[in-house]
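There are 4 protein chains.
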Amino acid sequence: MAFTLPRYTSPDFNSPFLLTAPPAVFERVKQAAVAPEGYHATSIFPEYLHMSRGEWRLAAESRMDCVIVLEPDGSLAVKEFRHLKVGDAVALGRRENGEDGIYVHSGGFELPSAICEKFAFRTQVSRETSFSIDYDELYELLDYERENGFILWVLGPAVAFDKDARDAFTAIIDNGYVHGLLAGNALAVHDMEGSLFGTALGQELYSKTHAVMGHYKHLDTINKIRSIGSIEEAVGASLISDGIMKATIQKRIPYVLAGSIRDDGPLPTVIADAYRAQDEMRALARRATTVVAMATQLHAIATGNMIPSYRVMKGGQVRPVYFYSVDMSEFATAKLADRGSLTARSILTNVQDFVVNLERGLLKKCRSNAG
Amino acid sequence: MAFTLPRYTSPDFNSPFLLTAPPAVFERVKQAAVAPEGYHATSIFPEYLHMSRGEWRLAAESRMDCVIVLEPDGSLAVKEFRHLKVGDAVALGRRENGEDGIYVHSGGFELPSAICEKFAFRTQVSRETSFSIDYDELYELLDYERENGFILWVLGPAVAFDKDARDAFTAIIDNGYVHGLLAGNALAVHDMEGSLFGTALGQELYSKTHAVMGHYKHLDTINKIRSIGSIEEAVGASLISDGIMKATIQKRIPYVLAGSIRDDGPLPTVIADAYRAQDEMRALARRATTVVAMATQLHAIATGNMIPSYRVMKGGQVRPVYFYSVDMSEFATAKLADRGSLTARSILTNVQDFVVNLERGLLKKCRSNAG
Amino acid sequence: MAFTLPRYTSPDFNSPFLLTAPPAVFERVKQAAVAPEGYHATSIFPEYLHMSRGEWRLAAESRMDCVIVLEPDGSLAVKEFRHLKVGDAVALGRRENGEDGIYVHSGGFELPSAICEKFAFRTQVSRETSFSIDYDELYELLDYERENGFILWVLGPAVAFDKDARDAFTAIIDNGYVHGLLAGNALAVHDMEGSLFGTALGQELYSKTHAVMGHYKHLDTINKIRSIGSIEEAVGASLISDGIMKATIQKRIPYVLAGSIRDDGPLPTVIADAYRAQDEMRALARRATTVVAMATQLHAIATGNMIPSYRVMKGGQVRPVYFYSVDMSEFATAKLADRGSLTARSILTNVQDFVVNLERGLLKKCRSNAG
Amino acid sequence: MAFTLPRYTSPDFNSPFLLTAPPAVFERVKQAAVAPEGYHATSIFPEYLHMSRGEWRLAAESRMDCVIVLEPDGSLAVKEFRHLKVGDAVALGRRENGEDGIYVHSGGFELPSAICEKFAFRTQVSRETSFSIDYDELYELLDYERENGFILWVLGPAVAFDKDARDAFTAIIDNGYVHGLLAGNALAVHDMEGSLFGTALGQELYSKTHAVMGHYKHLDTINKIRSIGSIEEAVGASLISDGIMKATIQKRIPYVLAGSIRDDGPLPTVIADAYRAQDEMRALARRATTVVAMATQLHAIATGNMIPSYRVMKGGQVRPVYFYSVDMSEFATAKLADRGSLTARSILTNVQDFVVNLERGLLKKCRSNAG
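Here the protein sequences line up with chains H, W, V and P, keeping their order. For any residue, its number in my numbering is found by taking its place in the first sequence, counting from 1, and adding 62. For any residue, its number in my numbering is found by taking its place in the second sequence, counting from 1, and adding 62. For any residue, its number in my numbering is found by taking its place in the third sequence, counting from 1, and adding 62. For any residue, its number in my numbering is found by taking its place in the fourth sequence, counting from 1, and adding 62.
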């Protein structure tokens, strides 16, 4: 059963209630980065603003906890508070049913009843939940998205700690399933330490023996990349000859390495400013149709915050955005899954096994499709 | 690199210290199930008793936290306190270096230095430890043990909750990698509910949809097996036609289902008495050369308590016993790994993925060996 | 604000639907310990059976996953399957709305809307949930129950590992807040090792230094109690002169120590047979009005299984039964809280701190009430 | 038993081995932010450099994973790689025993043998470790440090989620036990939402009822503070009239709010640049004599990275720096404790209970000292 997109149904703007709804109200920003009193904050759902009698306009590239700005060209921009400029026209109103000229459309996608029921029990996902169907559906989804969507991966450093996991994710990149990558300094350092020295934090990737002076391997990796100037140059010079960063760069996949206070180094190309990093991440998030976040609370929650439940494709088609989080702890996945979205799924396991399983499932499909 | 048994080196009984050691002292039990003051308690290591000048005798089927009884035939039995009978001759002495005629030989196996170093860091096993080599070594080990050893599995109920995991473990049984099975009532009930109704606790195994009146599936399963008389009869009558219990019974694999206060039912053949269950478990534990405990703290710790670090094979050869524990929580695996043994390993992951990976790895080996 | 019992409202048996409901149907047991096809299984809620036109009878001492037997004296006994005798009259029917003459009354208690709302979010209880109000309400509740109810405690061994926690729980017993105690062999052994040697598993309770030959302390404790005959005799002889078991026995508090396959020893008075242990536990569970389960999955789930959401007091008053579970892991408390009951609460913390906080809160109340 | 500082013993520089050690070698930085090949990386221990025959100089304000720069004034600065300037003289050498003119002194503090033994088992800290002595020692320590040291707190947002915890930590500040505070945007936002609306993320702090339009409370808080200009101005204008931030500002306690990609807003005074935030954090870390990190992996690990095991006080006295981490998960505390330092301790519990217990313990001491 190949994956098919669920159909999207627009709100019935001819319903009496919406027909008589007032137009949305906008107020100008008076102080930079401060929203006017009574601003409307966005959700993850499609939001329509009543522009003029009968014309409801969809905010196209949305995310939660932002405000809607009516741009001079008539489009609706979903902006973080910190990006508000004096004079921006911000939508006001906190009722989501149209009474303030704003309609939040949380039920637009026709989902099979099985999924709805699953949703009812979503919060009970635990290590004892059976995940066979989630793997199978994910294979189908990623296969579809490889051709038709934009698959954004969010990686914690643990993906680079294990030989099989690092190899598997590299193969997933090489086979076209990665369109964007979000991570931190540590993922890139560990991965390149693997290429330079065959170790991660000084421990051999496969044998786990501790290299002599192993604790220097980490710092030497950073120092070497700083010395050569960039990860791209290190790959270009074949200094970095295998692994996740090399595959990413050779496939010209856009990536963001966001800085954090936990970083050593950092590597060049890591973005020091957390909010500029958010902006770069959101540039990829706007394009994402499926997100897979693995073994990182910081980057996964940061990404989850900026991923809406839908995307407007070229031609205006509205489709869902899928969000998978993979982690070992119920606490972490509950935080991530707590988005009230039918399209968020959690898998509780060690990311090493997840990636290895995933690669096998995807590549078996590749072969059977080719055969 | 195929698996080879590490060589065992007996203690040097000609060392001056051991040559002058006194003979072991035994004292008779005066009150049933009570050891005499000053009793010696066993460890997981090979223990030798100085019987008479120069003759050191090895306690053959040992386990920790028991006492050593000199049997009338001259053999040394390692007995639980509760099995002590009035008149039993119990070894006394708490020094383990020979001074009391007892020598605990903790360093008998020549282990590669890599493993020793790993051991040094054993307590630091976490979800971020790389496990590639552990999987590979486990494939080699189980392949060896299938022909030459006795592989004892300890299963938590979660193995039966997921379709792929249940299928994978059934295949592992069918391919000869299971020589004994320890579990509780819940594993057997969930597994047979899967065969009877396609559900586990009322939820469909694969689709996860909740069956109508689903909460009755669990109780109906127990009631049906009680009605037919035994799991064996249910399998014989083809009432139970797939899954773990069916494969176990058809392959005539010895198994113990130990009762617990958490049980519904219980199923027939579940052993109600915790200590009789321990005895039955130990009967299999005495034969085990490798133990794999998955997703159960109760049964895993119970089994771990009765598994020594070595086994004396026919012909007198002493070989190590391997103990793997698989769990999602550092807390659980730390409890299990805390045995001071070089041959205990932990893998932190979801047992579903572990079993699926394992089956793939083992069966790939099968095919490549056959090819 | 002192605690007050929520009022119970019986079902409206004059509603047209219930007035026309058929009488409950009973079928005789033909095979011991096997329920007749179509048996009705109980829930945690009050269940009424339609006995004859207009007479609905409440099953008084209920628990989930059992069957209802019409006793010769006309009362309704809620029995475990394994206790069914040939000839027992078992209620049939799986519809809970009266259509089968069975009415399951899940909404009998008037709960403040705040609690209902909290219930809606109950599954989201995590380590980041604020627990101030839960502590305060628990102080009020236990104060009320000390005089008017039956407080049943379920203890994991960790309560005896820490000096302050052990002292605090002993004070809670001494001050009358404990009416029944459920635990396992380990709790009693660790607690009495504390009294005999000042250690737990060989580690000094307060300083945490490892006693010389410390690993023998545990076995010596068991052996000594087995030698003297019983915990009661050990307390009577002042061999055990402080701690939880001593306080329990001196206050003549009924307790059950249920055996498990993980046990060393066991101590005398530990019940070896898991299902006889269940029976003894249920004898206390029938009387319980509040249950507090701390740091034990095995005993907490076992107890939770046999605790209904209500109790019928002398005089026929129906009141709720409160169930608190305290554990470190979301996984464990989710399993425990998953009872669909408004009166189940979870607190996520280390049981050491919980007990210490609780004792302070309760005794401050004692003093202020006395003052 | 009041707290006393353990004595520090300098290395024996008259030992033949150190007497014949070569002088430390320095090499100039040629590329900004890149260390010369063979650089020496610092540890958490006191490190002495052999400057000229017989003169060993201690690097005074150290931290791990940095390089040692010989400043023009002859002092030794411990610098992050990214701060290296062309021309800086960086110490070379990777042997720590003096052979490279560098001596790492890991055994300088005379610790009681009990602590050393505890250290041996440090990695086994779990939820079942007894923590009574750790609390008591921490009360003594903080009491000493209030007068004689610099207590630096690292706070996760959960401290502000619970009424009692928030009140307790505010009291700890008011009583002088807080000399510096490190946190993120979320802690400050949640805390001030508590003051403005009595909620945290829209849920009432005490009753846990969900406020109407509750999800706006968080964003409104940020918007309001951005509008008024700074947290200081909000406190000055009595807009923020209780809680952690108010107490911190009124006591003129230095604090750093480090930005992260997970932030909403952010609040003004949150430092956007991760590495400038590191610099500000390290400015406080240099002064710290005790650090307590609660319920935050990101900030706790970031701080741990920059905290050495010792501090050189005015007058040249070398004293230890204590590092406590409090968290719910063995995984998190193991990561934090894994510093190889005798002075790192972990307490596994819910930070709410920890703070409440701590405040009670500290203030009881206050009163008894005053009495």
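Keep in mind that the hints are not guaranteed to be accurate.
Repeated chains share a single entry, so a pair holds when one copy, or any two copies, can fit it.
No more than 25 Å apart at the CA atoms, straight line, and that leaves these computed lysine-lysine pairs for DSS-like [what the hints assert, rightly or not]:
hint, residue 1, residue 2
1, K313, K426
2, K92, K427
3, K376, K397
4, K147, K376
5, K141, K376
6, K313, K286
7, K426, K286
8, K141, K313
9, K92, K286
10, K313, K147
11, K141, K286
12, K147, K426
13, K397, K427
14, K147, K286
15, K141, K426
16, K286, K376
17, K92, K376
18, K376, K426
In short, the hints are calculated from the structure, not lab data.
Each hint, compared with the structure:
1. K313 - K426: within (22 Å within a copy, 31 Å between copies)
2. K92 - K427: Answer is neither; intra-copy 56 Å and inter-copy 52 Å both fail.
3. K376 - K397: neither (32 Å within a copy, 46 Å between copies)
4. K147 - K376: neither (29 Å within a copy, 50 Å between copies)
5. K141 - K376: Cα proximity of K141 and K376: one copy only (21 Å, versus 51 Å across).
6. K313 - K286: within (23 Å within a copy, 45 Å between copies)
7. K426 - K286: Cα proximity of K426 and K286: none, with 38 Å in one copy and 40 Å across.
8. K141 - K313: Cα proximity of K141 and K313: none, with 31 Å in one copy and 37 Å across.
9. K92 - K286: Between copies only: 13 Å across, 48 Å inside.
10. K313 - K147: Neither way: K313 and K147 sit 37 Å apart in one copy and 35 Å across, limit 25 Å.
11. K141 - K286: between (39 Å within a copy, 17 Å between copies)
12. K147 - K426: neither (51 Å within a copy, 52 Å between copies)
13. K397 - K427: For K397 and K427, the Cα distance exceeds 25 Å both inside one copy (32 Å) and across copies (36 Å).
14. K147 - K286: Classified as between; 16 Å across copies, 41 Å inside a copy.
15. K141 - K426: For K141 and K426, the Cα distance exceeds 25 Å both inside one copy (42 Å) and across copies (50 Å).
16. K286 - K376: Cα proximity of K286 and K376: none, with 43 Å in one copy and 38 Å across.
17. K92 - K376: neither (35 Å within a copy, 51 Å between copies)
18. K376 - K426: neither (31 Å within a copy, 45 Å between copies)
Comparing the model with each earlier hint shows violations of hints 2, 3, 4, 7, 8, 10, 12, 13, 15, 16, 17 and 18; every other hint is respected.
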